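Student: Here are the chains, one letter per residue:
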Amino acid sequence: MNTHKNKTTKVTEKAKDSNVMDDTRDTELMVETQIANNIIDLLNHRAQDLTSAEVQRLSAARSLAVTQLTNLQTQAASHHGVNQSGHVLQWFGHHVGQHKIMSSALLVAAMLLAFFVVQQFSFKHNLENSDAFLLASDLPPEAYADKGFNAWLDSN
Amino acid sequence: MATPKELSDFLIAVERRAFKQTAYAVRDDHAALDIVQDAMMKLAEKYGNNPVTEFPMLFQRILQNTMRDYWRRQKVRNLWTTLLSSFGGSSDGGEERDPLDTIDVEDDSDEPSAQLARSQTIGLIERALEKLPARQREAFVLRYWEEMDVAETASIMGCSDGSVKTHCSRAVRALAAELKKQGLDKLGLSGDMVTNKGSKS
Numbered sequence: 004m005n006t007h008k009n010k011t012t013k014v015t016e017k018a019k020d021s022n023v024m025d026d027t028r029d030t031e032l033m034v035e036t037q038i039a040n041n042i043i044d045l046l047n048h049r050a051q052d053l054t055s056a057e058v059q060r061l062s063a064a065r066s067l068a069v070t071q072l073t074n075l076q077t078q079a080a081s082h083h084g085v086n087q088s089g090h091v092l093q094w095f096g097h098h099v100g101q102h103k104i105m106s107s108a109l110l111v112a113a114m115l116l117a118f119f120v121v122q123q124f125s126f127k128h129n130l131e132n133s134d135a136f137l138l139a140s141d142l143p144p145e146a147y148a149d150k151g152f153n154a155w156l157d158s159n
Numbered sequence: 011m012a013t014p015k016e017l018s019d020f021l022i023a024v025e026r027r028a029f030k031q032t033a034y035a036v037r038d039d040h041a042a043l044d045i046v047q048d049a050m051m052k053l054a055e056k057y058g059n060n061p062v063t064e065f066p067m068l069f070q071r072i073l074q075n076t077m078r079d080y081w082r083r084q085k086v087r088n089l090w091t092t093l094l095s096s097f098g099g100s101s102d103g104g105e106e107r108d109p110l111d112t113i114d115v116e117d118d119s120d121e122p123s124a125q126l127a128r129s130q131t132i133g134l135i136e137r138a139l140e141k142l143p144a145r146q147r148e149a150f151v152l153r154y155w156e157e158m159d160v161a162e163t164a165s166i167m168g169c170s171d172g173s174v175k176t177h178c179s180r181a182v183r184a185l186a187a188e189l190k191k192q193g194l195d196k197l198g199l200s201g202d203m204v205t206n207k208g209s210k211s
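The listed protein sequences correspond, in order, to chains A and B. Just so it is clear: in the first sequence, position 16 is 19 by the working numbering, and no numbers are missing. Just so it is clear: in the second sequence, position 122 is 132 by the working numbering, and no numbers are missing.
Do not rely on the hints blindly, as some may be mistaken.
[Unchecked claim] Now the in silico label distances, taken between C-beta atoms and shown as ranges:
#	chain 1	residue 1	chain 2	residue 2	range
1	A	Glu16	B	Asn60	54 to 60 angstroms
2	B	Pro122	A	Leu75	45 to 51 angstroms
3	B	Trp90	A	Thr30	48 to 54 angstroms
4	B	His40	A	Leu75	24 to 30 angstroms
5	B	Pro61	A	Ala80	14 to 20 angstroms
6	A	Gln78	B	Glu64	20 to 26 angstroms
7	B	Ser170	A	Ala108	51 to 57 angstroms
8	A	Phe124	B	Pro61	55 to 61 angstroms
9	A	Ala79	B	Glu64	38 to 44 angstroms
10	B	Glu64	A	Asp44	24 to 30 angstroms
11	B	Val86	A	Arg28	42 to 48 angstroms
12	B	Arg78	A	Ala79	52 to 58 angstroms
13	A	Ala113	B	Leu68	56 to 62 angstroms
14	B	Asp171	A	Thr54	35 to 41 angstroms
Rather than coming from a laboratory, the hints here were simulated on the basis of the structure. Keep in mind that this is a model prediction, so the values were computed, not measured. Virtual Cβ for every residue (Gly too), placed ideally from N, Cα, C.
Work the whole structure out from these sequences, hints included.
Tutor: In structure tokens:
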């Protein structure tokens, strides 16, 4: 019974100790933060108190960096512009440029359609030519369909 | 993507702090200005297309790396200088201490004497900051001056969160001890805290 009591007392004491340690640590952290904040306040005050030469130099450095970024972005934009203006789709306006896949498909379809139409016309034209040739030649058109006539031509 | 205006605004907000932080680290105002300019240019060149919200972390990382490059170059240069300059004109090692510097801070007074006292206090703090080990100073500056959280500071310093906490704690203790030594007791210093654990790098 006594040993159990002793154990319980020890555990309670340990818990108390750890609580005390936690509290101490928290207090230390608060003090640290307080000191750090006070120091930073003074450092911030000093940072606003630069000489005019230092301020000018920082301003010049900043301007250089900003100019650098502006140049880079301008270059990138012009490069992008060249790419885009080189793209056939840009000829059809901004909307086309934004929906590239759809517009590309439309363009290909239009080209194919044009190709077939041209083919169609040229095929008809050829037919007409060959008809005219057959009708205007000395031989009757049936002669070209006669296999015997071809054999006779070869043998002579 | 950040616009030039956003970059400019960001740099205006951080340039003075960045300069002072660098000056404390390298102890040379001209070199500090060069380093800050390099960092600004690198930020614009390499990360100008990043969102402006990423700038604080990126800029600090670039600044710290540029400082490290400077130290590396200085190390090599110092080695040669040491070899070539034989024994003449060795430096004192420490800063000159003026007993007048040990004046307590007056909080809210605009009188010339108070301004002088504050200026001297800041001078002391600056010297104490310069004396800190590089990692402690870096942690202190990022954590408290740049108000970054532990994880961000750890990411920039390339170490664990625990290391950041330790560096910060040691830095504050070291600063507090140094300032207390100079007779400054009005910075929220706790005598126990300063004397019990002291500072070790």
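Student: Work down the list of hints and note, for each, if the structure agrees.
Tutor: So, going through the hints one by one against the coordinates:
Distance hint check: the CB atoms of Glu16 (chain A) and Asn60 (chain B) are about 55 angstroms apart, consistent with the given range 54 to 60 angstroms. Distance hint for Pro122 (chain B) and Leu75 (chain A): a CB-CB separation of about 49 angstroms, consistent with the stated range 45 to 51 angstroms. Separation of Trp90 (chain B) from Thr30 (chain A) is about 50 angstroms and conforms to the stated range, judged on CB atoms against 48 to 54 angstroms. Taken as a hint, the range 24 to 30 angstroms holds for the pair His40 (chain B) and Leu75 (chain A), whose Cβ atoms sit roughly 28 angstroms apart.
At about 18 angstroms, the beta-carbon gap between Pro61 (chain B) and Ala80 (chain A) stays in the expected band of 14 to 20 angstroms. Taking the beta carbon of each, Gln78 (chain A) and Glu64 (chain B) are about 22 angstroms apart, inside 20 to 26 angstroms as hinted. Distance hint for Ser170 (chain B) and Ala108 (chain A): a CB-CB separation of about 54 angstroms, consistent with the stated range 51 to 57 angstroms. Between Phe124 (chain A) and Pro61 (chain B) the Cβ separation comes to about 57 angstroms, which falls inside the hinted range of 55 to 61 angstroms.
A C-beta distance of roughly 18 angstroms is found between Ala79 (chain A) and Glu64 (chain B), which places it outside the suggested range of 38 to 44 angstroms. In this structure the supplied range 24 to 30 angstroms holds for Glu64 (chain B) paired with Asp44 (chain A), their Cβ-Cβ distance being about 28 angstroms. Range check, Val86 (chain B) to Arg28 (chain A): Cβ separation about 43 angstroms, and the 42 to 48 angstroms hint holds. At roughly 30 angstroms, the beta carbons of Arg78 (chain B) and Ala79 (chain A) sit outside the given window of 52 to 58 angstroms.
A C-beta distance of roughly 47 angstroms is found between Ala113 (chain A) and Leu68 (chain B), which places it outside the suggested range of 56 to 62 angstroms. Distance hint check: the CB atoms of Asp171 (chain B) and Thr54 (chain A) are about 38 angstroms apart, consistent with the given range 35 to 41 angstroms.
The structure is inconsistent with the numbered hints 9, 12 and 13, although it conforms to all the rest.
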